[in-house]
Amino acid sequence: MKLVLIALLASGLVLLGVEVGKGALHEPPPKLADPCLPRGGRTGGLDATVQRIVLDGLDGAACRLHTTREELVLSLAPEVGVRRRWDEHTIEVAIRAGLLRSIDEAQRRGDIPDFVAPALRSLVRHAPIDRLVRGGIGLASAF
Amino acid sequence: MYRAAVAVAVAVAFADSSIVVLALPELYGRFHTSITGVSWVITAYNAAVAVTAFALFFMRRSRLAAGLLVFFAASIGCAVAQSLPFLIGARTVQGIGAALLLAGSLRVLSARVWTLAGTFGLALGPALGGVLTQAFDWRAIFIVQAPVAALGLLGAARSPSHVDDGARPTTGALRANACLGLLFGALVGALFLAVLLVISVWNYSPIGGALIVSALPAAALAVRPLGARLSGAVAAGAALLALGLIGLALLPSASVWLLVWALALCGAGLGLALPALSNAALPSGTLTVGARHVGLVVALALIAPLLASKVPAAGDRALLKGTAVLLDAPVGLDKKVPVALDMRDAFARARAGETPDLAQPFDANGAQHDSSLAAARDRLVGTIEATITRASRPAFLVCAGFAALALLLVLAVAL
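Chains as they are written, first to last, in my numbering: chain A, 1 to 143; chain Z, 1001 to 1415.
Heads up, some of the hints might be wrong.
[Unchecked claim] If we take Cβ atoms under 7 Å as the criterion, some of the chain A residues that face chain Z in the derived model are:
no., residue
1, Met1
2, Leu8
3, Gly23
4, Asp47
5, Val73
6, Leu74
7, Pro78
[To be verified] Pairs of lysine to aspartate or glutamate residues, derived as EDC-like cross-links and limited to a Cα-Cα distance of at most 16 Å, are as follows:
no., chain 1, residue 1, chain 2, residue 2
8, Z, Lys1336, A, Glu27
9, Z, Lys1336, Z, Asp1363
10, A, Lys31, A, Glu71
11, Z, Lys1336, Z, Asp1378
12, Z, Lys1335, Z, Asp1363
13, A, Lys31, Z, Asp1328
14, Z, Lys1336, Z, Asp1370
15, Z, Lys1310, A, Glu71
16, A, Lys31, Z, Asp1363
17, Z, Lys1310, Z, Glu1385
18, Z, Lys1335, A, Glu71
19, Z, Lys1335, Z, Asp1370
Calculated from the structure, these hints are not laboratory results.
For every residue, glycine included, the Cβ atom is placed at its ideal position computed from N, Cα and C.
So here's chain A without its partners, still in its complex pose:
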């Protein structure tokens, strides 16, 4: 009888050990990255390059707004229910500045040809980012 009891109690301690070993005492990944620090990203191919420029641009905007890239993205989709902490103009300026800096970085890394960079900068300066900010993510019509 006592052996069964000892086995049951030992099983409880083993369970706790397994859970601690599986990271129970740590915050589950992913850890939200500091947008002001550089981070790697996929390169190679048009899709990966575009994504890296956009994501780095959002990082730059988030850094200016002292928030995370994720909170900034969620604040563009009011349906999700995340409260927006900045006015529309502030977000628009931050996103444009972030994207312009991201294009500079991509050009410096050689991810985009030199002759493409000015066109991209012009696109960012004239893109209707204000409408994107006002109406949430309005890209549905593009897909």
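Start from chain A and add chain Z according to the hints.
Chain Z alone, transformed into the frame defined by chain A:
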């Protein structure tokens, strides 16, 4: 036959402590109320049982037939409720009837049958309520209870009102009841919280959830013979229950096998502790009914505000982490943007009261045939579930504290 019907009624009266847990989201939507408001559907019942049981103890009176009749009428009242205040009122009356029937049944059933019926009723209550809600409607929970009470009533109508002989409960019975109250408080974690976690956070169906949670009564049944032959069974049971609840608190992710392991420990703890404690406590009659339900009510009162404060914050954190997973997923823009838009719509529907199916946007955009998209889906769902799972940790630890207090009490007074 009559005793079997009464035993089933006892199981249902105990099951009623937790049977509406999985119907709460539906009640919340039906009555357009707050989480606190809807939680009174559970609290009112348990508080009414506790208060009535103590009143019956001091009045030294119990009447099974009256209990079954009140329980029968109140079950029908709950089933036809058209407003939340009416439902809470009917649940209060149902609790009064349950206390009368539980107290009265102590004179009809053997201690072993009464304890078994109570343990299984309490353990299977949430799953049973979930299955009925899924198959029919929340009203079905109460509709099925009325015939159970009616069957018991057929035989009990002839049984007389019982007046106690005036003997005061012994010190041993009082200690056993205090310990039972603490163990029932701990059970709130193993039953209410674990079931809510499996079905509301991990998105299992009520039937799937019922199968998972059945590890608890199965383990209780398996170790029950040991409890009768082992000295120190109550202390060992309380220790196992505390370990199992700490195991539930430390769940690192939505892992079914770890949950089953922890629930089996909780069940083994109950299987060891309850028979010996019930034998010591049952001679005190209605006092033991009150003590058990006081434990449930106190634990509910402690963990409800904890959950209310921790879960929304964890939801916000989970949303940010899920967004990070989606943004960083190695998936082409042609898939990532439609998934993000569908996800946004899913959250919009969730704000209107619908449980969001976070895998659906990935599946709708081809995750079945795209391994990177499927991997992103699994990572996102896993991240969100793991983050919200940990929000229940303080509540599980409070319940483990109840079991630890029971252990200390047992060791201090050598029960």
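Structure-based check of all given hints:
| no. | hint | verdict |
| --- | --- | --- |
| 1 | Met1 | holds, 5 Å |
| 2 | Leu8 | holds, 6 Å |
| 3 | Gly23 | holds, 5 Å |
| 4 | Asp47 | holds, 5 Å |
| 5 | Val73 | holds, 6 Å |
| 6 | Leu74 | holds, 6 Å |
| 7 | Pro78 | violated, 9 Å |
| 8 | Z:Lys1336 <-> A:Glu27 | violated, 26 Å |
| 9 | Z:Lys1336 <-> Z:Asp1363 | holds, 12 Å |
| 10 | A:Lys31 <-> A:Glu71 | holds, 13 Å |
| 11 | Z:Lys1336 <-> Z:Asp1378 | holds, 15 Å |
| 12 | Z:Lys1335 <-> Z:Asp1363 | holds, 11 Å |
| 13 | A:Lys31 <-> Z:Asp1328 | holds, 12 Å |
| 14 | Z:Lys1336 <-> Z:Asp1370 | holds, 12 Å |
| 15 | Z:Lys1310 <-> A:Glu71 | violated, 19 Å |
| 16 | A:Lys31 <-> Z:Asp1363 | violated, 26 Å |
| 17 | Z:Lys1310 <-> Z:Glu1385 | holds, 14 Å |
| 18 | Z:Lys1335 <-> A:Glu71 | violated, 21 Å |
| 19 | Z:Lys1335 <-> Z:Asp1370 | holds, 10 Å |
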